[in-house]
Amino acid sequence: MIDVVINVTLLAFLAITAVAIVRMTNLFAIIMLYGIFSFLSAAMFVVMDAADVAFTEAAVGAGISTVLMLATMALTKDHEEKRPAGHRPWLPLAVVIVTGAALVYGTMDIPAFGDVDAPAQSHVAPYYIEKSIVDTGVPNMVTAVLASYRGFDTLGEVVVIFTAGIAVLLLLGGRRRKTAAENRGGEGNDT
Amino acid sequence: MDFIIGHYNYWIVIVLMMVGFYTVINRGNLVKKIIGLNIFQVSVFLLYISIGTVSGGAAPIATEGVELYSNPLPHVLILTAIVVGVATTALGLALVVRIKEAYGTIEEDEIHKCDHTL
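The listed protein sequences derive, respectively, from chains L and U.
Quick note on this note's numbering: the first sequence kicks off at 1 and runs consecutively.
Quick note on this note's numbering: the second sequence kicks off at 1 and runs consecutively.
A hint or two may mislead.
EDC-like cross-link-like pairs, simulated, lysine to aspartate or glutamate; straight-line CA separation at most 16 Å [stated by the list, open to error]:
{"#": "1", "chain 1": "L", "residue 1": "K131", "chain 2": "U", "residue 2": "D109"}
{"#": "2", "chain 1": "U", "residue 1": "K33", "chain 2": "U", "residue 2": "D115"}
{"#": "3", "chain 1": "U", "residue 1": "K100", "chain 2": "L", "residue 2": "E80"}
{"#": "4", "chain 1": "L", "residue 1": "K82", "chain 2": "U", "residue 2": "D109"}
Keep in mind that the hints were calculated from the coordinates and are not lab data.
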């Protein structure tokens with residue numbers, strides 16, 4: 001019973017925070033609320049037995065993402081979202097409501113939350129739950145799958161992050177060199 | 001009542017998804033668009049973990065005397081997705097910084113105006 005109460009409350013908080021994010025215009029407040037949103041979702045992952053996911057989300061989602069967004073805000077020096085006057089929200093709202101209704105219709109056939117006999121629990125997962133400790137000797141099944149069974153996938157993930165890092169450096173690194181060169185050029189003209 | 005409690009997670013996930021989607025298509029500020037994308041992303045994570053949850057199950061770490069574990073496979077998928085998600089967020093934000101330098105604004109309609117006057 002207590003599980004259900006925590007579940008319902010945390011998810012309600014998540015929904016409220018998300019709606020508050022949409023309604024606000026101050027970017028600093030939005031980014032802070034996004035940090036709260038991320039942290040609430042990490043708490044939600046703990047409730048749903050996903051400890052590894054929870055601390056990744058708390059460190060990476062609530063920590064690094066928030067810092068990156070704050071850095072962007074500092075670099076763009078834009079603290080307020082502008083709302084154009086003659087903007088009609090009805091079309092996007094209609095699209096969102098229709099899509100949401102279709103998705104809710106889709107959930108009618110999903111097995112209930114926490115169902116032990118759900119198809120997702122009965123095909124591939126039992127193998128890993130029973131055999132991962134025998135095959136790899138790692139008690140944490142998530143780590144066993146991530147680093148041992150699917151080690152190459154994790155290597156691919158590292159390649160993705162590396163590529164993104166290079167792309168960020170290319171986008172922002174050239175800028176610093178250019179501004180430095182302009183500054184030097186400016187000084188040259190002065191003297 | 002059981003039906004509502006059993007599907008409450010999925011419905012809230014859909015609400016979050018639609019809030020993120022609405023932010024992406026209706027708001028002009030690029031930083032806010034990226035936050036909308038992130039909200040959408042987190043809602044997908046919650047959907048996957050919800051599907052993997054077994055009521056009465058333990059966290060998937062092998063322990064003596066525990067028979068029932070939650071499904072570890074969605075956890076693995078979502079761990080990867082969180083890390084890749086941050087990489088794409090960083091890339092998106094870097095593009096926002098470059099757009100600000102090139103156009104002097106991060107509001108979508110002002111960027112369109114700049115494009116038309118070129």
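Verification of the hints:
1. K131/L / D109/U: violated (56 Å)
2. K33/U / D115/U: Not satisfied, since the Cα-Cα distance of roughly 20 Å exceeds 16 Å.
3. K100/U / E80/L: holds (14 Å)
4. K82/L / D109/U: holds (10 Å)
In the structure shown, a violation is registered for the earlier hints numbered 1 and 2, in ascending order.
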